[in-house]
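Just so you know, the protein sequences line up as chains A and B, in that order. Under my numbering, read the first sequence as residues 1 to 272, first letter to last. Under my numbering, read the second sequence as residues 273 to 544, first letter to last.
Worth flagging that the hints you see were computed from the coordinates, not collected in a lab. Glycine included, each C-beta is placed from N, C-alpha and C at the ideal position. Incorrect hints may appear among the rest.
Said to hold, decoys possible - Sample of chain B residues lacking proximity to chain A, with all beta carbon distances greater than 10 Å (derived):
1) Thr325
2) His436
3) Phe450
4) Pro470
5) Thr480
6) Glu487
7) Arg509
Stated by the list, open to error - As a list, the in silico SDA-like pairs of lysine to any residue whose alpha-carbon atoms are at most 25 Å apart:
8) B/Lys469 x A/Arg168
9) B/Lys469 x A/Glu173
10) A/Lys197 x B/Glu431
11) A/Lys197 x B/Glu445
12) A/Lys202 x B/His436
13) B/Lys524 x A/Arg52
14) A/Lys252 x B/His436
15) A/Lys202 x B/Lys474
16) B/Lys474 x A/Ala128
17) B/Lys524 x A/Ser50
18) A/Lys252 x B/Arg440
19) A/Lys252 x B/Ser322
20) B/Lys524 x A/Ser220
As the list claims (entries may be wrong) - Derived coverage of chain A by chain B (criterion: at least 3 residues anywhere in the stretch with Cβ under 8 Å from a Cβ of chain B; other residues may be distant):
21) 38 to 50
22) 90 to 103
23) 132 to 139
Number of protein chains: 2
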Amino acid sequence: MNIKHDSRPIGIFDSGVGGLTVLKELIRTFPNEHFIYLGDTARVPYGAKSARTVERYTIQVADFLIRHNVKGLIAACNTASALGLGALRAHCDTPVLGVIQPGCQQAMNRIRSHNDQVGVIGTTSTIASGAYPQTLATFEPRLKVRSLACPLFVPLVDEGWIDHPATRLIVEENLAPFIENPVDVLILGCTHYPVLKPVIAKIIGSKTKLIDSAEAVADSLAVLLSQVILPAPSDTRQKVDFYVTDVADRFKHLAGRFLDGYRVDNVEMVDL
Amino acid sequence: MNIKHDSRPIGIFDSGVGGLTVLKELIRTFPNEHFIYLGDTARVPYGAKSARTVERYTIQVADFLIRHNVKGLIAACNTASALGLGALRAHCDTPVLGVIQPGCQQAMNRIRSHNDQVGVIGTTSTIASGAYPQTLATFEPRLKVRSLACPLFVPLVDEGWIDHPATRLIVEENLAPFIENPVDVLILGCTHYPVLKPVIAKIIGSKTKLIDSAEAVADSLAVLLSQVILPAPSDTRQKVDFYVTDVADRFKHLAGRFLDGYRVDNVEMVDL
Numbered sequence: 001m002n003i004k005h006d007s008r009p010i011g012i013f014d015s016g017v018g019g020l021t022v023l024k025e026l027i028r029t030f031p032n033e034h035f036i037y038l039g040d041t042a043r044v045p046y047g048a049k050s051a052r053t054v055e056r057y058t059i060q061v062a063d064f065l066i067r068h069n070v071k072g073l074i075a076a077c078n079t080a081s082a083l084g085l086g087a088l089r090a091h092c093d094t095p096v097l098g099v100i101q102p103g104c105q106q107a108m109n110r111i112r113s114h115n116d117q118v119g120v121i122g123t124t125s126t127i128a129s130g131a132y133p134q135t136l137a138t139f140e141p142r143l144k145v146r147s148l149a150c151p152l153f154v155p156l157v158d159e160g161w162i163d164h165p166a167t168r169l170i171v172e173e174n175l176a177p178f179i180e181n182p183v184d185v186l187i188l189g190c191t192h193y194p195v196l197k198p199v200i201a202k203i204i205g206s207k208t209k210l211i212d213s214a215e216a217v218a219d220s221l222a223v224l225l226s227q228v229i230l231p232a233p234s235d236t237r238q239k240v241d242f243y244v245t246d247v248a249d250r251f252k253h254l255a256g257r258f259l260d261g262y263r264v265d266n267v268e269m270v271d272l
Numbered sequence: 273m274n275i276k277h278d279s280r281p282i283g284i285f286d287s288g289v290g291g292l293t294v295l296k297e298l299i300r301t302f303p304n305e306h307f308i309y310l311g312d313t314a315r316v317p318y319g320a321k322s323a324r325t326v327e328r329y330t331i332q333v334a335d336f337l338i339r340h341n342v343k344g345l346i347a348a349c350n351t352a353s354a355l356g357l358g359a360l361r362a363h364c365d366t367p368v369l370g371v372i373q374p375g376c377q378q379a380m381n382r383i384r385s386h387n388d389q390v391g392v393i394g395t396t397s398t399i400a401s402g403a404y405p406q407t408l409a410t411f412e413p414r415l416k417v418r419s420l421a422c423p424l425f426v427p428l429v430d431e432g433w434i435d436h437p438a439t440r441l442i443v444e445e446n447l448a449p450f451i452e453n454p455v456d457v458l459i460l461g462c463t464h465y466p467v468l469k470p471v472i473a474k475i476i477g478s479k480t481k482l483i484d485s486a487e488a489v490a491d492s493l494a495v496l497l498s499q500v501i502l503p504a505p506s507d508t509r510q511k512v513d514f515y516v517t518d519v520a521d522r523f524k525h526l527a528g529r530f531l532d533g534y535r536v537d538n539v540e541m542v543d544l
């Protein structure tokens, strides 16, 4: 059997550090791939910005990765996936994977019937885009989806207020509609939110299943590597290159929190 | 007596909406001036970004205002004032007023002797720059200055969590060093913070005087208009033009909160 391979890197991008929760899962799952991660830390966050601006930034960021000869692109940012993916796919021929489709797929695997209630939380722009309910409707039009913007979760994670009484108060107040009237499945529709998973799980209760799109993206990438793009040779050693658009120090510091101790040595700063 | 006038506008800029606390004071104080406000809402916030990036953005933003033929520039953002003002002054001939010098001047007016303790709170980048202690030292080298970064205050204000128990918890924890060991004067070194003034005042206690740089900037502009640039003719009606780098809707919504009901009608979006 003649198995073909492709040693070119896979590009993964985010507005900043949130996409590292996705990268962590990819590092764990694909020991032979070469990843290039680009965090747009000069213009972070995307979560309250318009479709027009997010589209423009998404294409600039993707173009940088395309110039690095990537075989595939992963938008590891829900806001970029919700607002920028259409424009990006029209702009380039490189296969692009977002985080919304995989997250919705995983939510669908966890519901028992269309009578189950699905909740989605995300940034203001992701929720306003309606991308989650629209994507879920392509799987099951009868599904009832309730969406909530939780704009303070990202700064809380970025500043390390992970398990603080103030964080619990904010999570409680933001998720009140899902506490009073529980959903069966709750999609964490922002790559920062998995860091708050323990707090959210405690507040929301054990009856609601939490969907973390990072795991779902790894599953989707496995499918992509078997069907659309070719995997790296199995004797290749995994490699990750990091790029940021603002100075690297703060990124390095935060990356430790997101990658659970994975060593982030060489982070290069680039202008887009 | 032959009084000369200059009808050209005064440019005022900020990373987003924070500078509106300064503009509010200018609107109140200068009934004949024409102001052009530019909020860099596509790249907001500046507060955790590097000097290199903030310098670059500050110059781009100022260049836009200079093309609008302004007679003076006001950096109504502490982070831009702390990190970008040196580069901006080297870049252009237009007189530039920052918020740090006026805030320090006002703090100096409020202390009784060099034994008084001065506190400064601001964004991560403003505090890391050391701009406040350095400027205060030019007034009084013996002064003891204690600085604290409060990075969550900006998102709390932007999301309207002004008087919430979670906000009080975060303010309490951030300002703990100034509660345990009080300062005589506390400089609110970020243009967002005046919105939290009532909460901060309640937590910090009545013995500490709070310095809001917005009022100080209005005083400094009055000096500038009498000594460096010329005021508008006294029969001119005040006018404010608003520009933003991302779509205007969110800005309009937030502007109401900052300007206490001043009508923000025409907001134009521009690419820098």
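Flag every earlier hint the structure violates by its number, smallest first. 1, 2, 14, 15, 16, 18, 20, 22 and 23
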